[in-house]
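Engineer: Quick note, the sequences are listed as chains C and V, same order.
The first sequence begins at 1 in my numbering and counts up one residue at a time.
The second sequence begins at 1 in my numbering and counts up one residue at a time.
Bear in mind the hints are in silico, worked out from the structure with no lab data behind them.
Computed from a predicted structure; not experimentally measured.
Certain hints may be false.
What the hints assert, rightly or not - Here are the simulated DSSO-like cross-link-like pairs (lysine-lysine), alpha carbons at most 27 Å apart as the crow flies: (1) Lys88(C) to Lys2(V); (2) Lys2(V) to Lys65(V); (3) Lys65(V) to Lys203(C); (4) Lys2(V) to Lys276(C).
What the hints assert, rightly or not - Non-contacting residues of chain V with respect to chain C, defined by C-beta distances greater than 12 Å in every case (computed): (5) Thr24; (6) Pro78; (7) Ala79; (8) His101; (9) Tyr162; (10) Lys165; (11) Thr173; (12) Pro186.
Stated by the list, open to error - Cβ pair distances, simulated, as ranges: (13) Arg205(C) to Pro78(V): 32 to 42 Å; (14) Asp94(V) to Tyr34(C): 21 to 31 Å; (15) Ser105(C) to Gly80(V): 54 to 64 Å.
For every residue, glycine included, the Cβ atom is placed at its ideal position computed from N, Cα and C.
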Amino acid sequence: MVDTRVTLSGLMLDNPVIPASGTFGFGYEFADIYDIDILGSISLKGTTKEPRFGNPTPRIAECREGLINSVGLQNPGVHAVISEELPKLAKCFHKKAIANVSGFSIDDYVYAAALLDKEDQIGLLEINISCPNVHHGGMAFGTDPQNAAAVTRAVKEVCQKPVYIKLTPNVTDIVAVAAACAEAGADGLSLINTLLGMRIDLKTRRPVIANTMGGFSGRAIQPVALRMVYQVYGLGLPIMGMGGVSTAEDVIEMMLAGATAVQVGAENLVIPTACKDIIENLPAVMARYGITRLADIIGGAHHG
Amino acid sequence: MKREALTVTQNREIAPGVFEMALTGDLSAVTAPGQFVNIALPGRFLRRPISVCQWTAESLTIIYKVVGTGTADLSRLPAGETLDVLTGLGNGYDIAKCPDHVAVIGGGVGVPPMYGLAKALLAAGKSVHAILGFNAKSEIFYEDSFRALGCDVTVTTVDGSYGTKGFVTDAMTEADRYVCACGPLPMLKAVYNKSEDGQFSFEERMGCGFGACMGCTCHTTDGHKRLCKEGPVLERREIVW
Chain C
1 MVDTRVTLSG LMLDNPVIPA SGTFGFGYEF ADIYDIDILG SISLKGTTKE PRFGNPTPRI
61 AECREGLINS VGLQNPGVHA VISEELPKLA KCFHKKAIAN VSGFSIDDYV YAAALLDKED
121 QIGLLEINIS CPNVHHGGMA FGTDPQNAAA VTRAVKEVCQ KPVYIKLTPN VTDIVAVAAA
181 CAEAGADGLS LINTLLGMRI DLKTRRPVIA NTMGGFSGRA IQPVALRMVY QVYGLGLPIM
241 GMGGVSTAED VIEMMLAGAT AVQVGAENLV IPTACKDIIE NLPAVMARYG ITRLADIIGG
301 AHHG
Chain V
1 MKREALTVTQ NREIAPGVFE MALTGDLSAV TAPGQFVNIA LPGRFLRRPI SVCQWTAESL
61 TIIYKVVGTG TADLSRLPAG ETLDVLTGLG NGYDIAKCPD HVAVIGGGVG VPPMYGLAKA
121 LLAAGKSVHA ILGFNAKSEI FYEDSFRALG CDVTVTTVDG SYGTKGFVTD AMTEADRYVC
181 ACGPLPMLKA VYNKSEDGQF SFEERMGCGF GACMGCTCHT TDGHKRLCKE GPVLERREIV
241 W
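With the sequences and hints as input, model every part of the structure.
Structural biologist: Here is the structure:
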C-alpha cells in the first residue's frame, strides 16, 4: 500500500493532483464526468473583482503537443463566484478548493483575495500575477520582482489562509521574482503559467488568435516547467508545480524537481478524465519506482 | 457527454474534399440533431469538433470537409480504425420549439446537421422545406438523401450551375418564417435578416468542446454563452452579431 498524501502549507491532500486554473471551470461541471472528490484539490477559474467577458475570439490555436489560449480571464466576478459558483461546487466537492485570483491593480487583487479568504470552502489562495492575456495587469505584475513583491505583501495583509503566488515563465530570471515573493511573505509558489506564443494562419496570413498572442501550454512545455520548479526549489517555499503534466510519471518527475503538489492543465481539455487517470495510475507508477510515500520524494533530484 | 471508442465502418468522398464517415459504437450520449462530436487524432493535440449528420444508439454518420492537415488525416482513415471520440456535445436544435412548418437551411458543410434535423422534424409531424446552398453543382451532396426523407427540397448554387441560382435566401418562400440554419456566418446573417424566428448554429475555434476552457464564448442577449456547451445552436432572439 503506497501513501500518496502530501501537505501543502498545513492543507492535507489525499494526493498531489490538482486541476489547474482555467482548465476546469469551477469544478462542478466535471462532476458529470467523474467523482471529483478523488482530486487532491481544485484550482478554480481565475477570479477578478469585476465580471469579465474576456478577449475576442478566436481565443484558441492548436500547436504541436499543446495549444495557445487567449481567453483573457473570462469570469463572473468575485461576488458571483462566491454567491453562485462556490455553492454549486459544494454539492459535489467536499474538500478545500484553491481560489485563483487575478487583477489589474493591487487594489483589485486585495479586494477579491480578501473576500475569497473568508470562504470556508477555500483552503488556499493562488494569486495569478502571470496571465499573458490581459493588458495592464496579470503578467505585468509577475515580470518585475518589485511589483510581484508589492502584490504579495498587499494580499498577505488581508488573508489568513496560505497565499501562493503563481509565476510567469516569461522572464529572464524566475528565481529573482520568486525570491521577491518569498521575501514579501508568500507562503508558497505556483509555477509555471503559460508561455507567450503565437500561430499564423497560412491561408489568411494573419495571426490565428484575435489578440495576436496568447499563452502556450500543454505537454510540450513540460521540460521548461520542470526546470523552473527545480530552480526555485532552493528558496525553501512549498511549490505547486505545473506545465505539461499529462501522466503519473510527470507528477513524480515534477515532485523530484521540488513540487509538493502538481497541477494538471491543458491535458484536462483533451482528456476530460486526465486527472482521474493520473490519480488511478499513481500507485502503480510509485511502486514501479520504489516509492512508498510520495511526500518523501519532494525535491529528491536535488539530493546526492 | 461520453468518451467512446468508435470504429470507422466507412469513409468516402461524396464531393470534392467532402467526406462522409460512418462509425459504430455507443452513441447513447447523442440526444438532439445539431449536436457535435469531438474526435482525437493521433499526433494532434486538440480534438476535431464535427457535427452529427445522423445517428442511432449504435451508429453515427458525420460529414466533414478537409480544411487542414488534421481533417486530411481523418480522410485517410480506413474502415476498421478506432477513434477516441467525445460524443453528445452541445445543445443541438430543440424540436419542441419548432412550429408546424420549418425551413431547414444548410450552406456547404452546414448541410450535414440539417439532415438529422429534417429527419427528426418530419418524424415529429412537421412540414419541412430543406434549402441546401452550395457554390456550384460539383459541390452538391445529400440532395437525394433529403428528397428520400420526403420533404420539399430546394438546392441553390451561387454560380447557377444547378437548381436556383443565388443564395439560400433566394429560395426562401413566404411560408419560411421559422428557420433552422447552419452554415457560414454571412449566410446565417442573411437568413437571420429574412426570417422571423428560428434556431441558428454557430461555429468557433474550440479548445475542449465541453465547456471547460472558455475558448468559444460569445455574447448573446442572454449573457455570455459557450458555443460548445450552451450552443452551438442559439435561438434567433439571443443572437448578437
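Engineer: So, for every hint listed, does it hold in this structure?
Structural biologist: Taking the hints in turn, this is what the structure says about them:
no. : hint                              : verdict
1   : Lys88(C) to Lys2(V)               : 22 Å, holds
2   : Lys2(V) to Lys65(V)               : 24 Å, holds
3   : Lys65(V) to Lys203(C)             : 16 Å, holds
4   : Lys2(V) to Lys276(C)              : 15 Å, holds
5   : Thr24                             : 22 Å, holds
6   : Pro78                             : 24 Å, holds
7   : Ala79                             : 25 Å, holds
8   : His101                            : 34 Å, holds
9   : Tyr162                            : 27 Å, holds
10  : Lys165                            : 28 Å, holds
11  : Thr173                            : 34 Å, holds
12  : Pro186                            : 16 Å, holds
13  : Arg205(C) to Pro78(V): 32 to 42 Å : 35 Å, holds
14  : Asp94(V) to Tyr34(C): 21 to 31 Å  : 28 Å, holds
15  : Ser105(C) to Gly80(V): 54 to 64 Å : 59 Å, holds
Checked against the numbered hints given earlier, the structure satisfies every one of them.
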